[in-house]
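Produce the entire structure from the sequences given, and follow the hints as far as they go.
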Amino acid sequence: MCRIGAIKSKGFIHPSKALTLMRSQQKGHDNSGFAMVMQDLGGRFEDYKELPILSMACTDDGMATAEEILHKEGFIRSMQWSPEINDRPGLNIEPMPNYVFQILQYPKSYKYAPQEEKEQLLVDTRLKIREALEEQEAGYIYSFWPDVITLKEIGDPTDIGEYFGLWEEDEEFTARIITAQCRQNTNYDIVRYAAHPFFLQGYTALANGENTFYEKNMNFQKGLNKGYIGFESDSQCFLYTLHYIHKELGWPLEYFKHTITPLPFDQLEGREDSDVLLRIRSSLAHLEINGPNTIIGVLPDGTVFNTCDAKKLRPVVVGRTDDTVIITSEVTGINEVLPDREWDKDIYTNERETVVVTNDLEVHRWQQ
Amino acid sequence: MATMKVNQISRDDLDWQLDYNTERCTMCGSCVAACPFEAIHAGIEKRRKVVSDHLTPEPKVEFKAIPIIKQTVDTYKYCRGCGICERVCPNSAIKPVRNEDSRFAIKYRGALADPYKRGGRANLSTGERTLDKIRVGRISQMTDPSLDASRHTFDMLAPFGRVLPPGELPINVKDGKLTLDKTMLPPVNWIYPIIIGDMSIGALSWRMWEAMSIATAYLNEEAGIPIRMCSGEGGVPVRLLQSKYLKYTILQIASGHFGWNRIINAMPKMTEDPAGVLIKIGQGAKPGDGGLLQAKKVASHIQEIRGVPKADLLSPPNHQGLYSIEESVQKMFLSFNSAFRFKVPVAIKVAASSTSVSVYNNLLRDPYNIVGGFFLDGISGGTGAANEISLDHTGHPVISKLRDCYNAATHQGKQSQIPLWAAGGMGQNWNLAADAFKSIALGANGIFTGKLMLQLAGCVGNDRGKCNACNTGLCPVGICTQNPTLVKRLDIDKAAENIVNYFLSVDYELKKLLAPIGNSSLPVGRSDCLISEDKAVADRLNIQYAC
Ligand code: SF4
Ligand code: SF4
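Order-wise, the sequence lines are chains A and B. Start counting the first sequence at 1; every next residue gets the next number (my numbering). Start counting the second sequence at 1; every next residue gets the next number (my numbering).
Derived by calculation from the structure, the hints in this document are not laboratory data. Note that the structure is a prediction, hence the values are computed from the model and not measured. Ideal Cβ placement from N, Cα and C applies to all residues, glycine included. Please note that the accuracy of each hint is not assured.
Derived list of chain A stretches under chain B, where covered just means 3 residues or more per stretch with a C-beta under 8 Å from a C-beta of chain B [unchecked claim]:
1. 60-66
2. 220-229
3. 261-275
4. 285-295
This is the structure:
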């Protein structure tokens, strides 16, 4: 099973917090990987908020391929940063030769292009690079988006932390939102793409559980958007549904819950908005989820939220202080990172609830 | 020496022979009275007996005429093996026995120059069905716990009506909420994923039809199972059209268009909309054939409902005047939609065939967004009357076609936009819930079932040629007849009760299959939960092969 967590903070925080959060929830057998997405970046990335950052793990060939594609598209490199590697014998990690975090400038021709066009260019370029890397078996591209960095690694989380120097707090490598996962999915091969968090166009999702409607979801999603690819993990479906509902259809976030776990028919009957909800249920039946799940999501504007399956079969808890909110699988994680919080204010999201953390760090509880 | 007339029909030509025991028979006459086919009659046999009434043996031969029950040997009046005589005989003196060496099919045609007709459904091969070669193989365990069928709630409803893709819904965002412009929407009703299939009030006796209607109303109003029943072709009693129960009835229009003028006349007086309209283009049991209601069954009330004289009622194989799918959509769907002010879903029923997918694809691209369902009917469905040649030699099993249709929709990202309903032998092995579950996992939104209702009401026929006399108007148990004496044999309340009870167990059994795969709503298209030990079936349906 996965352990997932999200930290949203008023100040910038270092990934060591995310590692600490995850480590304390780790079980004896949980050591197949660690992955994270950092959003709203600080430190050395803070001055480049508008420019897209490429997150990649690849071979030298992969690097050359990606560069060629970026060059062809007209992207110009602004800054490149690679984490300092602390290798020592005995670390349980399967590293790639290169970890690249590159800040790029949009092609000149996009100078006056509307935001939508720029976004589409980023997605298209990422897909192009991904395809080329896959063909060559030369690595993985995780995200290509402004103000976002992604790292996914196979191995023991403690050792991964050591390898990338993530245990050392460092003001240069920080963010206001960090989502992270320990251990990768159970159903398939351990592959890097299968590790949560999943990211697309500013949307992030991660889940603990099993999506038993995976096949239904996947078959439907495949045709909805060319960015809905991969499906290395059944949880990827949640990201695509979130993206589809919120970005493609332009519906408010509350309808994500109505789509994935619609209210039972007898409860719909009496509601004023039953017409809308029944139509959603019929039109988006293939985006419903069944099976035990807790989902954490991040929207492009930085809103973080959590919601669960309709039977509440997976644990999740939200803990907070004035300047930090944490959503994670088990309370031990929060105890470790926020030991002084008022624990009786912890929220155990219920089956019909969406817990939403705004950018002011207000925590709202929406009942479906 | 007697003349031997080999070309005449004889007892050993018949499908069924009566095993009659004179010793046990008391000549009460119950069997003769009960057999609606006059396949037995009272007769006299001359018997030779050697007796002795002396102290010492003094044998003498006596000849006696004794009354017996005799099997009628006739191309019209022949035994159907229905077993009614056996049921009524107080002494177990008589029973029909299947004659493996029957030559009846050839004798009948040779004698009458007429195609052999019968009811029921029996294919040349009634082997194991595809559905029986599929099992539910993905059982939720530790990472995704099974649900508890008794404790958890399950959402077992299916859409009936045209489902629009989300982008086409007339939805707007207002103050952070979605609002809907209802005037722009095709109707969608949420109903139980099993429909009582279309069997007309002419093919069935009014008592059988009433039993099903009562069961439907009870299931809806008392048991909370929103099941729907389709009227079948040929109209509906005006009383029902004007009652509140119409909302549970799907009105059918078939190629004969029987009864529709009465339905249209009743519209101003309708207090409820019907549950839907089903346009029958084809049927699975005898695809390519129209309906056939023989004059014997056109009783006075049928004449009244259908607005016809007492004559053979033949529905043409197609809707006269409609020869293309474009016309069907434009004329029929539009006119039926507009007849009910676009508030009632209008669906189509076709026979499963090699061309079903093309039809479905065509409908999926329908620009009017008004086709509210695709009913796919495979072989093994029941029928009131048909030529045996059609029953045995035409048609297509439903499962692979259902799968193909679902895959075709999936390929276009349009799955469930025109809900798929499949039938043809559902519940043939007495377990409707299992058949429904597997069909749904293969892509159906729901299924429909007909013949099983007859079995629940006491039909004595089976798929191996037992009885199958539904065409004769002489159904021995009052289900498929309008004969006033025979009709009385059907106990309406008991038949309704059996149907209700059966659905109550089906509802529970369906949950018993949803729960272990961890689903609380219908697993439409969740074929990953199915396995087959038959490689060919697994490959064809694209489900996991297990051995
Ligand atoms: S089995 Fe049926 S048809 Fe045959 S003799 Fe008996 S009652 Fe008549
Ligand atoms: S009992 Fe009636 S319904 Fe059943 S097969 Fe015989 S005639 Fe048909």
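We went through each hint and held it up to the structure:
no. : hint    : in the structure
1   : 60-66   : violated (count 0)
2   : 220-229 : holds (count 4)
3   : 261-275 : holds (count 5)
4   : 285-295 : holds (count 6)
When each numbered hint is compared with the structure, a violation occurs for hint 1 only.
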